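Mapping of the sequence shown onto my numbering: residues 139 to 570, in sequence order.
No lab work stands behind these hints, which were simulated from the structure alone.
All values reported here derive from a predicted model rather than from experimental measurement.
A hint or two may mislead.
[As the list claims (entries may be wrong)] Label pairs and their computed distance ranges (CB to CB):
# : residue 1 : residue 2 : range
1 : E185      : M161      : 55 to 65 Å
2 : H456      : K251      : 29 to 39 Å
3 : V352      : V189      : 11 to 21 Å
4 : K514      : R550      : 43 to 53 Å
5 : G416      : A328      : 24 to 34 Å
6 : G416      : R311      : 22 to 32 Å
7 : R342      : G369      : 35 to 45 Å
[Said to hold, decoys possible] Only pairs whose alpha carbons sit at most 25 Å apart, straight line, appear in this in silico DSS-like list of lysine-lysine:
#  : residue 1 : residue 2
8  : K390      : K314
9  : K195      : K514
10 : K413      : K531
11 : K178      : K248
12 : K540      : K251
13 : K552      : K518
14 : K514      : K531
15 : K514      : K554
Glycine is no exception: its CB is placed at the ideal position from the N, C-alpha and C atoms.
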Amino acid sequence: MGKKRLLIRGARVVDPANVVDRMADILIEEGEISKIESPKPRAQILEDIEVIEAQGKIVLPGLIDMHVHLRQPGGEDKETILSGCEAAAAGGFTAMACMPNTHPPVDTPKLVKWIISQAEEAKARVYPIAAITEGRRGEALSDMARLLEAGAVAFSDDGDPVGNPQLMLSALRVAKQLDALIISHAEEKALTQGGQMNEGRVSRALGLKGIPAVAEYVGVARDIALAEYVGAKLHIAHLSTAGAVELVRQAKRRGAKITAETAPHYFTLTEEQVKVSGTNAKMNPPLRTLEDVEAIKEGLADGTIDVIASDHAPHTVHEKALPFCQAPFGIIGLETTLGLVLTHLVAPRVISLSEAAAMMSTNPARILGIRGGEIKAGDKANLTIIDPELEWKVEVGQFRSKSRNSPFQGWRLKGKAIMTIVEGEVVAPQSS
């Protein structure tokens, strides 16, 4: 039996890929967008179509989060592929790319295929990112060609950099031959050993060893230089510092094939949040200074930063209850990212809604080389419907994620995904 026919009626449709921002009806048949047309009177709609009344709502291309830690295999107490997909759907994401720092790491074709098969029953599409090096040990390259064939969309040792520059150079060379993407966790580990939060006034006041901003700068500078040297594509994950933003800006001006992302915590929070949220404000890279926050916003506004991703990094309550120096790095973000973008970037006009949609859908699809990121007839119906006026309070206890480690508990946000459609099926809100 085919999927039911849906009509999204009277919505504002924002599609940056096709420079569309207009009122329209969207007809979905057999999981695909069949028509996008001017709004029709209700009397002209056929009876066998389920109508979603969307006046005052906005339809975006299905959001794509290109930096998520789903923890499976090996970390099922923190998150599973299924629970992560539930969280994604609740947050408006129709697809995500998952990082390979699992136990065991995703460094074999078998594991790549296993993740894809596990996600088939889930509420969002999952694209595996495979490890650059075997076991993420930074010693020998993984078999990138076979991993690509199995379905990997990119390569990263995220959670750690590839410490050996010769090995990173080799990875970039192989990636260029395969037309594959390397995603860099840019950090000079020799400068961050034992670090717990941003190095500066707050770390000194709290008596915690600092992670200096220059560690990110050195890591970004090295990897841009290596990528330019071989002419390879490079995507830099989770930018957090003013210096790193400027390095990316200059590289793009030179014509380098560099793209970059940041996460919502880097444009909404500073190192001061550690005093408030404790270990729930501990992540790597760490929260930085107000000057860095402003530089991240400037990088988003001028297009230096291409993507906003959550860097969803779930951990158990028990782990985050450990003393600060023993607690793991990372916070969850799938269910707060869109609200934070709408409230703290779009509402104050740092970026437009169309630019936000590009950074959260069109650009991730283009960078990863996957389908999606636009609204067009004949494509799979992967859509996010938002209510831009909906005011809501972050309550982590109600999240679909298995974990609760968010510094945004209690925050009031404006704008939320009210419906997520994956291949023509409404996957959120979940029917009760």
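Cross-check of the supplied hints:
The hinted window of 55 to 65 Å between E185 and M161 is violated, with their beta carbons roughly 24 Å apart. In this structure the supplied range 29 to 39 Å holds for H456 paired with K251, their Cβ-Cβ distance being about 32 Å. A hinted range of 11 to 21 Å for the beta carbons of V352 and V189 is inconsistent with their spacing of about 56 Å. Between K514 and R550 the CB atoms are about 35 Å apart, so this pair departs from the stated range of 43 to 53 Å.
Distance hint check for G416 and A328: the Cβ-Cβ separation is about 28 Å, which falls inside the suggested range of 24 to 34 Å. Checked against the hint of 22 to 32 Å, the pair G416 and R311 fails, with Cβ atoms roughly 43 Å apart. Here the CB-CB span from R342 to G369 is close to 43 Å, well matched to the stated 35 to 45 Å. About 18 Å separates the Cα atoms of K390 and K314, which keeps this hinted pair within 25 Å; it holds.
Between the alpha carbons of K195 and K514 the distance comes to roughly 18 Å, so the proposed pair stays at or under 25 Å and holds. At roughly 21 Å between alpha-carbon atoms, K413 and K531 fall within 25 Å of each other, so this suggested pair holds. For the hint pairing K178 with K248, the CA-to-CA distance comes to about 49 Å; that exceeds 25 Å, so the pair is violated. Distance restraint check for K540 and K251: the Cα-Cα separation of roughly 24 Å lies within the 25 Å cut-off, and the hinted pair is therefore satisfied.
Distance hint between K552 and K518 is unfulfilled; the C-alpha atoms sit about 29 Å from each other, more than 25 Å. Between the alpha carbons of K514 and K531 the distance comes to roughly 34 Å, so the proposed pair goes past 25 Å and is violated. Distance restraint check for K514 and K554: the Cα-Cα separation of roughly 23 Å lies within the 25 Å cut-off, and the hinted pair is therefore satisfied.
The earlier numbered hints that this structure contradicts are 1, 3, 4, 6, 11, 13 and 14.
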